[in-house]
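Protein chains: 2
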Amino acid sequence: MEEKTLIFGHKNPDTDTICSSMVKQILCEKEGNTNVKAVRLGNVNKETKYALDYLQMEAPEFIEKVEEGQKVILVDHNEFNQSADGIENANILEVVDHHRICNFQTTDPLYYTARPFGCTSTILYQEFVEKGIEIAKTEAVLMASAIISDTLLLKSPTTTKFDEKALVELGRIAGIDINKYGLDLLKAGTDLDDFSEKELIDLDAKKFESKGVKCVIAQVNTVSIPDVLKRKEKLEEEMNNAIAENGTDLFVLAITDILNSNSQIIALGNRVDIIEKTVKLEDNMALLEGVVSRKKQLLPMVENNI
Amino acid sequence: MEEKTLIFGHKNPDTDTICSSMVKQILCEKEGNTNVKAVRLGNVNKETKYALDYLQMEAPEFIEKVEEGQKVILVDHNEFNQSADGIENANILEVVDHHRICNFQTTDPLYYTARPFGCTSTILYQEFVEKGIEIAKTEAVLMASAIISDTLLLKSPTTTKFDEKALVELGRIAGIDINKYGLDLLKAGTDLDDFSEKELIDLDAKKFESKGVKCVIAQVNTVSIPDVLKRKEKLEEEMNNAIAENGTDLFVLAITDILNSNSQIIALGNRVDIIEKTVKLEDNMALLEGVVSRKKQLLPMVENNI
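Chains as they are written, first to last, in the working numbering: chain C, 1 to 306; chain Y, 1 to 306.
So that you can see chain C by itself, here it is in the shape it has in the complex (with noise of 0.2 Å):
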């Protein structure tokens, strides 16, 4: 038999990303192609687990790289930096993902289907309606997930209109109640006691690069922003050995209240400057009211000030 077609999201995975990639599987099995198969670039997080176990399902398999020509379909990014060890040189059949598009090239025609949500699975809802394809309960549930995580519970400003009708009727079809279900998977998500300072700030990070500023924007969730902090000299250090390590010109960790939809950051490196158009630091520290989300609010701050 071929070898199967790899669907994973990006590194750091999130629960859009693992659970987009199970679905969009699940979705062109339905559609005839059983060739396909989800994996999965890191660990899976607690609130990822929480939907997972609510499944009784077993997470993606963990891959490294992909080999030279390995034919793949990326959901939820498309930055090559942001993808497997060996993209560049992988046969790219086709994108799902609700991120700008950079850092992306291929050599052929393919299938891309960006859309400006909130969630890579509100997208995917809307292949299943278009294609009359039916939404069985376990899709329903795992792109119920994605769409709660990604908008937390439809409060984050990425939020859209398509994201609240997908996430109204995937409730429906999945016979969860959205309000219990979603606070139960975010609050999952926020238990932090596991986590070594090295392991959180690394969670959920994003690197990029622009005009030769090497920057990473590093996001956990809370409901206690002071239990976070109590960590904050040994998430300090770690920070700065990870800038030392990598020749990070700006690192920024954002620690989310999810339930007041505030966000305390810490920033370290040599272009703090960058952070300090927008807000003074008082040691290293500025509390963003309002901001929650990393794509549509902190990303655009600090790449319209380098």
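These are computed hints drawn from the structure, not numbers from a lab.
Keep in mind that this is a model prediction, so the values were computed, not measured.
There are no misleading hints in this set.
For identical chains, the list gives no copy identity; a pair is met inside one copy or between any two copies.
DSBU-like, lysine-lysine: derived pairs with alpha carbons at most 30 Å apart:
{"no.": "1", "residue 1": "Lys198", "residue 2": "Lys296"}
{"no.": "2", "residue 1": "Lys277", "residue 2": "Lys71"}
{"no.": "3", "residue 1": "Lys187", "residue 2": "Lys155"}
{"no.": "4", "residue 1": "Lys207", "residue 2": "Lys37"}
{"no.": "5", "residue 1": "Lys165", "residue 2": "Lys46"}
{"no.": "6", "residue 1": "Lys165", "residue 2": "Lys131"}
{"no.": "7", "residue 1": "Lys71", "residue 2": "Lys207"}
{"no.": "8", "residue 1": "Lys155", "residue 2": "Lys198"}
{"no.": "9", "residue 1": "Lys71", "residue 2": "Lys165"}
{"no.": "10", "residue 1": "Lys161", "residue 2": "Lys30"}
{"no.": "11", "residue 1": "Lys211", "residue 2": "Lys65"}
{"no.": "12", "residue 1": "Lys71", "residue 2": "Lys155"}
{"no.": "13", "residue 1": "Lys30", "residue 2": "Lys131"}
{"no.": "14", "residue 1": "Lys295", "residue 2": "Lys4"}
{"no.": "15", "residue 1": "Lys131", "residue 2": "Lys161"}
{"no.": "16", "residue 1": "Lys165", "residue 2": "Lys30"}
{"no.": "17", "residue 1": "Lys296", "residue 2": "Lys4"}
{"no.": "18", "residue 1": "Lys211", "residue 2": "Lys71"}
{"no.": "19", "residue 1": "Lys161", "residue 2": "Lys71"}
{"no.": "20", "residue 1": "Lys211", "residue 2": "Lys11"}
{"no.": "21", "residue 1": "Lys4", "residue 2": "Lys161"}
{"no.": "22", "residue 1": "Lys232", "residue 2": "Lys280"}
{"no.": "23", "residue 1": "Lys165", "residue 2": "Lys4"}
{"no.": "24", "residue 1": "Lys232", "residue 2": "Lys49"}
{"no.": "25", "residue 1": "Lys296", "residue 2": "Lys207"}
{"no.": "26", "residue 1": "Lys71", "residue 2": "Lys295"}
Given the coordinates of chain C, assemble chain Y onto it according to the supplied hints.
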């Protein structure tokens, strides 16, 4: 009123580029977004003019460049070097395209619909169908013309079952005999008498750079290769002028016989060795049997040998 969103295809517009931009405007308007306007980045060729005359329609307005922040929708291309001057600083809201993705990036999430089909209008046809929007005769003729042109009446190897299905259905809606209308359309495009040799090599030329090698692949369609070759000496003179002006390393002109599906190529420049890895040139020329598609046949033949 807010400034209109401009819709356009690539420079050196062909029938797919012109017709798809006009169809996308109609589609937006039927969806309730009337603040859009199709424009073009170059002269309308005779084939496209045949389709517009059939419909008694004017070509979209010509524009030279776009201003910073201008809202745009791109059809039938994505590479910035094939797009309007100033595209780097425009606000790209959406792309509908059937080419590889390359030299393209945005700072924000966007709508991007790429499909590996033979024609952009086939993707737009699917958009009408998926959204349940009625296709009137005007847009049916425009989309059918684009598909006929890009697939050489479904004979090009780029043709997919989706193009075939769309063309049959569009022919029915338009009330035209696809084969008769199609041959008339293609033949209209092969009347090269009015063009100077300089114009001929610019008519449908795609520039690209790979591993530092600057290439141009230009294509003209004809029903008689010998007729075009009567002008070989002057064509080569203009190709050499263009090479000297732009620092081009390899300039390939493909003279494509649309009735017999062959191409005679003329290759000039300091890197004709790239072509000679595939075929021996005699008197700067070679006949490539069965070759009609730049994207699927000529481009890979050049790129894979750089």
